[in-house]
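Engineer: One-letter residues, chain by chain:
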Amino acid sequence: MCALTITARKSTKANAPLASDTENTEKNIVMNTRALNLWYGENHALKNINLPMLENDVTAIIGPSGCGKSTYIKTLNRMVELVPNVRISGEILYRDRNIFDKTYLVEELRTRVGMVFQKPNPFPKSIFDNVAYGPKIHGIRDKKILKEIVEKSLRGAAIWEEVKDRLNENAYGLSGGQQQRLCIARCLAIEPDVILMDEPTSALDPKSTLKVEELIQELKEKYSIIIVTHNMQQAARISDKTAFFLNGEVIEYDNTDLIFSTPNDKRTEDYITGRFG
Amino acid sequence: MSKTVGVKDLIQKKDKLSKMKSGVEKSIPVFLFCLASISVLTTVGIVSTLVYETFLFFKDVSLIEFFTTTELKPLSPVEPKFSILPLLTGTVMTSLVAMLVAIPIGLTTAVFLSEYASPAVRKVLKPLIEVLAGIPTIVYGFFAFTFVTPLLREFIPALGATNALSPGIVMGIMIIPLVASLSEDAMNSVPNAMREGAMALGATKLEVTLRVVIPAAISGIIASFVLGISRAIGETMIVTIASGSSKNFTFDITQSMQTMTAYIVEVTSGDAASGTTAYYSLYAVAFTLFVFTLLMNMFARYISRKYREAY
Chain A
1 MCALTITARK
11 STKANAPLAS
21 DTENTEKNIV
31 MNTRALNLWY
41 GENHALKNIN
51 LPMLENDVTA
61 IIGPSGCGKS
71 TYIKTLNRMV
81 ELVPNVRISG
91 EILYRDRNIF
101 DKTYLVEELR
111 TRVGMVFQKP
121 NPFPKSIFDN
131 VAYGPKIHGI
141 RDKKILKEIV
151 EKSLRGAAIW
161 EEVKDRLNEN
171 AYGLSGGQQQ
181 RLCIARCLAI
191 EPDVILMDEP
201 TSALDPKSTL
211 KVEELIQELK
221 EKYSIIIVTH
231 NMQQAARISD
241 KTAFFLNGEV
251 IEYDNTDLIF
261 STPNDKRTED
271 YITGRFG
Chain B
1 MSKTVGVKDL
11 IQKKDKLSKM
21 KSGVEKSIPV
31 FLFCLASISV
41 LTTVGIVSTL
51 VYETFLFFKD
61 VSLIEFFTTT
71 ELKPLSPVEP
81 KFSILPLLTG
91 TVMTSLVAML
101 VAIPIGLTTA
111 VFLSEYASPA
121 VRKVLKPLIE
131 VLAGIPTIVY
141 GFFAFTFVTP
151 LLREFIPALG
161 ATNALSPGIV
171 MGIMIIPLVA
181 SLSEDAMNSV
191 PNAMREGAMA
201 LGATKLEVTL
211 RVVIPAAISG
221 IIASFVLGIS
231 RAIGETMIVT
241 IASGSSKNFT
251 FDITQSMQTM
261 TAYIVEVTSG
271 DAASGTTAYY
281 SLYAVAFTLF
291 VFTLLMNMFA
301 RYISRKYREA
311 Y
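In the order they appear, the protein sequences are chains A and B.
Counting with the UniProt record's numbering, you get residues 1 to 277 for the letters of the first sequence.
Counting with the UniProt record's numbering, you get residues 1 to 311 for the letters of the second sequence.
Since the hints were derived computationally from the structure, they do not count as laboratory data.
Since the model is a prediction, treat every value here as computed from it, not as a measurement.
Worth double-checking, as some hints may not be accurate.
[Unchecked claim] Quick look at which bits of chain A chain B covers, simulated, 3 or more residues with Cβ under 8 Å:
id : stretch
1  : 74–82
2  : 102–112
3  : 115–127
4  : 133–145
5  : 186–192
[Claimed, not checked] Restraint ranges, calculated between C-beta atoms of paired labels, are given here:
id : chain 1 : residue 1 : chain 2 : residue 2 : range
6  : A       : Glu161    : B       : Leu125    : 44 to 54 Å
7  : A       : Gly66     : B       : Thr204    : 23 to 33 Å
8  : A       : Glu151    : B       : Thr254    : 48 to 58 Å
9  : B       : Phe299    : A       : Asn43     : 46 to 56 Å
Where is the CB? At the ideal position from N, CA and C, for every residue including glycine.
I would like the entire structure built from these sequences, with the hints used as guidance.
Structural biologist: Here you go:
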């Protein structure tokens, strides 16, 4: 596995060297975006994105509305291709393999790179069936094993205690925060490698948000997490690295503490101090 | 008056109308209720007529004869026999054939339209399919009799000139747009977020369709089946033309059978004099038909409620 190197860094638009390069040489790059461009029809939505993301890190993507951060995270598991008239150039290497490669099945990618959405989107099925859905479509039929997976995933998403007595009830009976943790459990059930989170707490109340944030801290032990967030405090609280997007470009990408304490770019500073966005 | 418009004054002026207004407001619900009662009263009227005349019929013919014997000879001068069973099998068999055609084709059409077709294709295809629904049933009946039956006889030599198979198939074709259109509506209203949730777990399009979209839309889909079955049971013209009028108690779809609806057509356009048992048998048959579809609908409601996935 290639360690984070200066080359990966050089190609980003931000011109400051990554101060933390030396600290991070131990960590592998899990997803490496290189010269990524994306167009919605004529609209150039992502412009020459270069972002190496590290294993077992929480990488936050921040930026004002319409900056392309949601588009970017959806590109990482190729969900963006569901939008008509999307064109993509460049490459994204997941564990050194280009996800746009013709031989790379999109289903295979999404099994490794899971996703949690902005609005909780459980299936209108029982809590159990929601979590068991992923393992089932990937061929796990054994009831006993499914039961174990469901319990493990629900525990992993810190919701087991709340739902263990009502596994057969419809997931839509849960509160919004519980639904979101259920969706995280659903994602964990197929043991992905990377978890993408697209503003996972924006539809939740502060208490549920806190729970999900704590959960993210636990999850990073085992998973690499990439999270889009509108909430800069949230990025500061939970992430190791932060990328600041503006108008489809990466303005700055660095360790979170550096981004929030001594940003290199004036625009980053303006954004995090709340001067716009 | 000053140049600025006094909105307050205008509002007060309008208040003067309020007495009249409240009168109108009060009479509107009464008016609406009257119009709404028309359909309710009609239903009550029809059902009570049916029940009354059916009652008269069962003065002459026992329930046991009606439901357990198998011979139907309403106009026989010597010894008329009244059994509903030949008509029931006729109705059930033709409807069964129709649904065997309409459900798989209608549902796959709906899946294609809702999940696979591009918006452009869908925009062309959906109205085209719905054109099928606009064809008068007499045309379908004619089509069954003069085209489908001869065609089928090439493959099944034993097929009668009138039979249950051919009108069954044609009724099925007639019902496809209904099943397809309603099922498609049901699938289309499943939120995209659910499809995305499944796709993000690595589900293929087929897995998303079969294990998320269809289960989530199942109550609408079942409703479309039931409407289809009700259409098939109530369909008259196609079976009258292409299924013949043999009152056979049989399950052999290559033979001529008469459905309940076709029987009513035959007897009303025939020689049954008012007041005869044959005449009253119409009501008994119609009442059976009514109960049949009613049970069908209740059963479907139960099924769709049981499997409903609320979101």
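Engineer: Honestly, which of those hints from before does the structure not fit?
Structural biologist: none
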